[in-house]
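**Student:** All chains should be built: construct the whole structure from the sequences, respecting the hints.
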Amino acid sequence: MAYKDVYESWQKDPEAFWMDAAEAIDWDQAPSKALTDKGDNLYEWFADAKVNTCYNAVDRHVEAGRGDQTAIIYDSPITHTKREISYFELRNRVAMLAGALRAKGIEKGDRVIIYMPMVPEALEAMLACARLGAVHSVVFGGFAANELAVRIDDAKPKAIIAASCGLEPGRVVHYKPLLDGAIDLADHKPDFTVVLQREQEVAQLIEGRDYNWHGFQYGVEPAECVPVEGNHPAYILYTSGTTGQPKGVIRHTAGQLVALNWTMKNIYNVQQGDVFWAASDVGWVVGHSYICYGPLIHGNTTIVFEGKPVGTPDAGTFWRVIQEHNVTSFFTAPTAFRAVKREDPKGEYVKKYDLSCLKQVFLAGERADPDTITWAQNQLNVPIVDHWWQTETGYAIAANPLGIEELPTKLGSPAVPMPGYDVQILDEGGHPMPPGELGAIAIKLPLPPGTLPNLWNAEDRFKKSYLTAFPGFYETGDAGMKDEDGYLYIMARTDDVINVAGHRLSTGGMEEVLAGHPDVAECAVIGVTDQLKGQMPVGFLCLNAGADRDNADVVKEVVKLVREKIGPVAAFKLAVVVDRLPKTRSGKILRGTMVNIADNTPYKMPATIDDPAILDEIKVALQTIGYAKD
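So the sequence shown is residues 5 to 634, counted in our numbering.
If you're looking for bench data, these hints aren't it; they were derived computationally from the structure.
Every residue, glycine too, gets a C-beta built ideally from N, C-alpha and C.
Check each hint, because a few of them may be wrong.
[Stated by the list, open to error] Restraint-style ranges between C-beta atoms, simulated for each label pair:
(1) 550 x 46: 50 to 56 Å
(2) 317 x 96: 56 to 62 Å
(3) 9 x 228: 40 to 46 Å
[To be verified] The list that follows gives simulated cross-link-like pairs (lysine to any residue, SDA-like), each with its CA atoms no further than 20 Å apart:
(4) 363 x 381
(5) 162 x 174
(6) 448 x 471
(7) 162 x 194
(8) 577 x 505
(9) 569 x 448
(10) 564 x 350
(11) 592 x 498
(12) 577 x 592
(13) 468 x 44
(14) 608 x 244
(15) 414 x 488
(16) 623 x 600
(17) 16 x 44
**Tutor:** Take a look at the structure:
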């Protein structure tokens, strides 16, 4: 079947489509129907089923005779460590950890916070919770104590599983003092914590509350898998909210199993046994869906990578891992490729490795600018797929479904909506926009299985955040357009569409032009307040390593380019060269914070910022062009 046929078969009978996909899952009790309409725009999938995530991700592969296959490859260029864990070994390790948690009182429905670096034990902790029907909430390792405390008070965990430290190139991140500080700050106190002691730092344990990961498991009975209802929460994942209060996105058990399993073959084009690598972190949704659950449910080998795209040790790290571990499908963020491209614009490192195993590359997390895609296409000679999704959806809303049919690539577009998603472009009044017109991107309800059914203990906030702007639709918060062929273009967050003298302009469109300049490695455009025109665009440019150019000349050239490609209507006259852009740890550029700095409006330091010191550099750069005045 071609993509068009698959999408139409979903449109014709959505419930039959997903019931068919559900046959690939091992149920304790199969669902009697796909969708439950709870009224008031709330829906649940496979609610009356009984199933266990850990059984589907681990045990069933062992029982099918594939226990010797590698489940997890751990590759840490920071610690110079590599090891492999088979499905058989993974089942035993997870069952023992789950048994130890159960012996300490963890049972179905209890919450457990996981605060760990990129080590296999992080996946084992997630799977051990799933084995018992406990609800995990992974908090990015190294998160500030006050931010962790907010999540402790919201999730109210019975236990916290942590590591003594995390590792960045050249430094140790001390997790235990942050954990202790968070527990002191939080009103809710966990019953106990489990700490994985790493060789690089042994943490001080508090007697009676803290347990050593290894000692904690001695002499316990391994735990069996506990079947849970299809609508039982598998996890809570906190995503930043506009109010500064994080939103706890819930993922239901059965919907996640069915949807993620479906995507592995149909989108990512991998067969059982293939090696799949998502170079992300378990703190992000990509880590949940495509480091832990998706690959293991589908019976793939997944890679847990503790390193960076550059600097551990060089810009060839990605290619080394792909060659060494025989990676078929690779998934990373555009920002990671931009970092590699900046260090190695001519692809000298790519040539050092045999990448014949690699069949396709997927990018998500930020808009993949055409320049980065073209660079990757030229270097790797495989399909480079920009696909678009959100923490809330858990997997791709739009993609090029390589496992069904490879569609033509259109630079700047994440291709077409996936089955389950009826994506529409709406004006402010909720009316459909014609092809080529910029509007708000909304998805007709119900959303497909595996997407968020609600927020943790915050139903009113869920409705207000996602369901009220366009009745009957989920509001994505992104702005964009569709072309005549139904390809989507995600141009900016709705907040990043700027209004210049009455013209609605996409900052993403301008960034696309700037990124096309041969000396520009990375860029961002924000809208700053202007007395006359309402808003004016300002560009920030990071130049390629070795670009021996006068900054003023590059600025002049990009201003001219925007004028030529978008027109004088963009009023693009100001750009500055900076060493780096402020980002979250997952690679999203903090444009909203940059706007606050430029306009001198108060802002809260983003919890997920990679390096707060960059904001001072941005302020200095803005002052050189007359903004961010003290």
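**Student:** Would you list, in rising numerical order, the hints stated earlier that this structure does not obey?
**Tutor:** Those not satisfied are hints 2, 5, 9, 10, 12 and 17.
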